Each structure stands twice: as C-alpha cells, then as structure tokens.
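The residues making up each chain are set out below.
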Amino acid sequence: MSLVFVETDESGEVALTSAEALTFARTNADVLAGSVLEAAVIGTLTESAHNQLAVLGVDRIHHLESADLEAYSATAWAQALVDIAPETGTVLASGTPRGMELMAHVAVRTGERMAANVVAADEEGLLRQVLGGAAFERLQLGGDLQVLTLAGHACKPEETTPTTPEILTHSPESAAEDLRTRVVRTEVETDADNDTSGLTQARAVVGAGRGVGSENGFGEVLELVDHLGGALGVSRVVTGLGWRPHSEQVGQTGSRITPDVYIACGISGAIQHMAGIEGAKTLIAINTDEESTMVQRADYAIIGDLHEVVGAVNEEIRSRRG
Amino acid sequence: MDILVCIKRIPDIAGQITLDGSGTDIDDAGLGHTTSAHEECAVELAIQTAAATGGKVTVLTLGPAEAVEQLRAAVGVGANDGILIEAEDSGAFGTEDIAQVIGDVIRDRTEGGQNFDLVLLGNDAADTGDFQVPIRLAYDLGYPVLTSISTFSPAGGPVIEARGIGPSGTEIFSLELPAVVAVQEGGVDPRYPSITGRMKAKKARIAEYVAPEPGAGNPRIGLELPPDTANEVTILGEGPDAAGALVDVLEEIGVIRS
Ligand SMILES: Cc1cc2nc3c(=O)[nH]c(=O)nc-3n(C[C@H](O)[C@H](O)[C@H](O)COP(=O)(O)OP(=O)(O)OC[C@H]3O[C@@H](n4cnc5c(N)ncnc54)[C@H](O)[C@@H]3O)c2cc1C
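Top line first, the protein sequences correspond to chains H and C. Count the first sequence with the working numbering and you get residues 1 to 322, in order. Count the second sequence with the working numbering and you get residues 1001 to 1258, in order.
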C-alpha cells in the first residue's frame, strides 16, 4: 500500500506537486509495493479535491480534521500520518518544505530510513537528485516501509480511469508534546518581498545576474518583464549583493521555475542556478561571453551587453506594438 | 544564549562534475570547498543572536581533517570556537549516524559544563540534500525542532520567536529552548570576514573528536551523472542588432503582451 500526503492550496484544490506524487505512486505501484493507493488530506476536503483524487486513481482517502491539527505542527501532523500508515509499502510526499519535514518525522517515528528528492524507482532501488540536480544517487532503503519525497517536476500528473474513493474520516487528538512546535500565527504577505508565487507561475521569466552591474541596472530587464507580463528572477550573486530580495532568487536555494520561456541576462549558468530552470521550455541567453555555460545550454542566444540588447528588444516590442 | 551551529564542508562546484573511480562519489580533486548556503545563514543568525544576548557561538563539523577550514572560516566571521569530529570517509555515514555522533558530542560537552541553548543546522546540505539530520538530531537529544526557519529572535526567558515562509505566508513559531532549528537561506545576509577576523580564524580554538565507525551506514549504492544531452544553441546575433530576431522568437512563443 502507498500512502501519499496530499497538500491542498488556498481554494482547496490538490496542489500540482501532490498530483505529481500521486501519479508517481500509482505508476510505480509494483516497485513501491503500493497496489492500493491512499491519500491523506489534513484539514478541509473539498468536493473538487475529492474529484481530483478520483481521477488521479486514489482508492481510499484519509480525511484528517481536528482542533489539534488545525494549525500546522510538524510533529502532530506526522504522528497523525504514522497512525494511518501501512506497515509495509510506501509513505510518500512531494518534496516541498512541508513534505520534506513531515516525511523526516514519519521516518524517525516509524524507525525507517528516508530518501529525499526521488526521481525514479525500479527493481534496483531508488534514484534521487543530489548536488542540486547535478547528479543522481542510486540507493536502497531496506526496511518494511519506504519513506520518500518526490523531487519537484520529476513526474507529470496523469489522470486515469476515475475511481470512487472510499473516505475514512479521522479526528485525531495529539499528544501535548507534539503541539509544542505549532504555528502560532501566519502573516499573509502584504509586501511583494516574500512572495514567490508570481515567479513560479509566470509563463515568461526574465533572469538577471551579476552582469546587470549594480542595484540601479535593472531598468531594461524590468521593462522587458512588463512587456511579457512575466516575472523577474535573479541569481544568488544578485541577492547576495543585496541588489534584489531573496524571494526573487532562482536555483537550488531559491525557486524552481517552469516558464514557457526563460531569458537569462548576464547569468553564467552555474549548476546551482541551472537546477532552478530545468523546467523552462525555451531557454534564451543574453551574455557577453559566448563560452559561458548559459549560452552553451541555451536554445537561443545573443552575444552582447545586456543593457544594450535588452534596451533594443524593448524598443522593438514598443515599435511593433505601434 | 550559547549556540552550536553544525556546518558541512562541501565541494564548490559551478560547472561540469565527474565521478571518482569508485562510482559512488564525485571527483573533488580539482575542486575548492565551501560551506552549504543555508549553514552560512545559520552562522550569521547565531552570531547576531549571541551578540544580542551576550552569548557564545560554537561551530561543529563532522568531516575529514581538512574540514577545519570551514570551522576557521566561521570563526573568521565571528564564531568563538570550533569542534571537529574527524571522519576520513564521512560519506560512509548515514543521516542516522551523523545525528547520533553529533548528539554524543553535545552530551559530552554538556557533561563538561558547556550547555547549548540552541543547536542550528542548515535545512539540508547542498551536496547530499537528505533533509533529515536536524530532525534526527532533535529526536536523539529529545529537543523540539523547527525547519525552514529564515530568522528568529529572543522572546524573553528560554524562548525564541522563529519565522519561516509557509505555503500561505510567513509562519511564526514560539519555541522553547533548548531546541534544534534548521535554517533556510534568505532571512539574513552572511557577513564577510574582516582583517581581524582572518587573524582570529588562524588562532581559532578547535576541539577535536574522532568519529566512531558508522552504524547504519549510507544507503548509497552509486552515483550517476545526468545524460550529456548535446545541445545546439542558435546564436541569433551580436549586440542590439539581434533584437528583432529575439522579438520574433518571443512572438512565436506567444508571450508578448498585446
Ligand atoms: C550551496 C550553494 C547554493 C547556491 N544556490 C544558488 C541558487 O539558488 N541560485 C543561484 O543563482 N546561484 C546559487 N549559487 C551560486 C552559484 O554557484 C553562482 O555563484 C551564481 O549563480 C552566479 O551568479 P551569476 O551568474 O549572476 O554571476 P557570475 O557567475 O559572475 O556570472 C555573470 C555572467 O554575466 C556575464 N556578463 C557580465 N557582464 C555582462 C554584460 N554587461 N552583459 C551581458 N552579460 C554580462 C558574464 O559573462 C557571466 O557569464 C549557489 C552556490 C552554492 C555554493
């Protein structure tokens, strides 16, 4: 049996990353010893989430809702998952911060090992991303229960013949000790400084790196962002120098993005940056250095100074618009 | 507040990597080494908090003898002293082993009279990315643990207020000490060493332990590199004259706002 921890978004829809995890569990059922697919939803279970879980092939939904689980506490939530986890098989979540944290607690509490950022499973074991995606590690967890998280975008969500999932409702009470690390309050962002949603959802992202030159060098790239109705993404050098906030950082320790087009301006293409843009459909580089990794890895490139090139691109867009 | 920060020596890779002869590790012969990004932020948070509360910062690493470089670098930016747990082949350790070895050293320091109010780590190491050591260590010590924390501040008594980015905004936790906190990059900017810092780093006091043989061991069977997908880049041109060709591409993709 496979138990997948399912995250839902604000409107109660199944998160895309959780749909990926469910698809991974279903399509690898034989190697994960998970012929029965179960989903665990903590909090509200909407009609729409219920229907989504059905088309993702879920056989059984555990709906956990109680006063103790209302505010997030990793230990309380993890214990609730442990209480419904199978003895043999797999417990899995997508590799989001929450998925990672919960699976690590589940692993300790069940006395099992865990594999983070798994991308594939076969008879030889698991394959997972290491070094920010620069290499893959093959490993075997052993144990009766495999605890794992799935790397983002390692698997495309796939619908299947809809099931009619049975719903099991639980209202667990948590031990006082498991409520010690409960969220006491959440501040919804009013300033854009911490909000990464624009970046991860944009169809077009303009990337800016050290080549921009200074804090005041973002005029042209920001105008291009505006023409594309897109978002700005930056390298760690840019956030490290304090030119732009960390919420705009793309890469291993920033956001991982999946736009239709990524236009990297003055970014060299370090492995940690590339880790964040693997999901981009088309990659365009604007760089003075033809030999840079970014140019070599791009679909299209312009060799030249980014201020001049992006300035001319903006002008061209304005003139075509008439 | 006395704070222990656990850091890891990792290869500083930017471009292509190759595997060593065993096929289970990368060839780091020609590579420099650095500290994981999240941990640099953990060190910075520790230094700020210790300064604000009149405490001390100790940095700890489990790794080869050379990992003393990373401890010295942390002393160079303001940590007070370091602990090296020497393990020639630290890659042979599983997350359970690492947590236990660190837990044993913490208990040993406590017996010797050095108490840590707070144990900081990075969310996950940049090379192995296991995302487990902070949580396993917390269970080993019997402490509460938070992960993905970007900043925290003393909140009166043995309590800190910790903040991290959650799915719907900034989440705030009230954490009773002693505790373990895993830090996520983004809340603070790690400082650079000053000239006096560099001098201090050279004379840093480093306590040394030798790690026992790993118990659980590393579940790794081997490493693989992603397939070398030959890429053909289309150079649209040089300089501003190529702008038209780029706008054509963007129009074709259909991302220009009307
Ligand atoms: C543990 C760890 C985690 C990391 N995580 C991340 C991460 O999440 N995201 C990230 O981005 N990095 C990350 N890094 C840093 C990464 O290794 C690189 O240092 C960083 O991505 C480089 O940023 P850059 O490309 O802007 O700068 P550089 O590497 O300095 O490149 C600048 C580029 O701009 C070009 N250029 C210069 N002037 C111009 C001009 N006028 N016009 C056009 N082009 C110009 C140059 O040719 C060069 O290619 C991480 C590093 C470590 C060790």
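These are computed hints drawn from the structure, not numbers from a lab. All values derive from a computational prediction rather than experimental measurement. Hints are supplied without guarantee of correctness; some may be wrong.
[To be verified] Here are the simulated DMTMM-like cross-link-like pairs (lysine to aspartate or glutamate), alpha carbons at most 20 Å apart as the crow flies:
# : chain 1 : residue 1 : chain 2 : residue 2
1 : H       : 281       : C       : 1081
2 : H       : 281       : C       : 1228
3 : H       : 281       : C       : 1232
4 : C       : 1056      : C       : 1081
5 : C       : 1203      : C       : 1081
[As the list claims (entries may be wrong)] Covered stretches of chain C (in silico footprint by chain H; criterion: 3 or more residues with CB under 8 Å from a CB of chain H, positions within the stretch not fixed):
# : segment
6 : 1055 to 1068
7 : 1196 to 1206
We put the CB at the ideal spot given by N, CA and C, even for glycine.
Structure-based check of each hint:
no., hint, verdict
1, 281(H) - 1081(C), "48 Å, violated"
2, 281(H) - 1228(C), "18 Å, holds"
3, 281(H) - 1232(C), "15 Å, holds"
4, 1056(C) - 1081(C), "9 Å, holds"
5, 1203(C) - 1081(C), "10 Å, holds"
6, 1055 to 1068, "violated (count 0)"
7, 1196 to 1206, "violated (count 0)"
Of the numbered hints stated above, those contradicted by the structure are hints 1, 6, 7, listed in ascending order.
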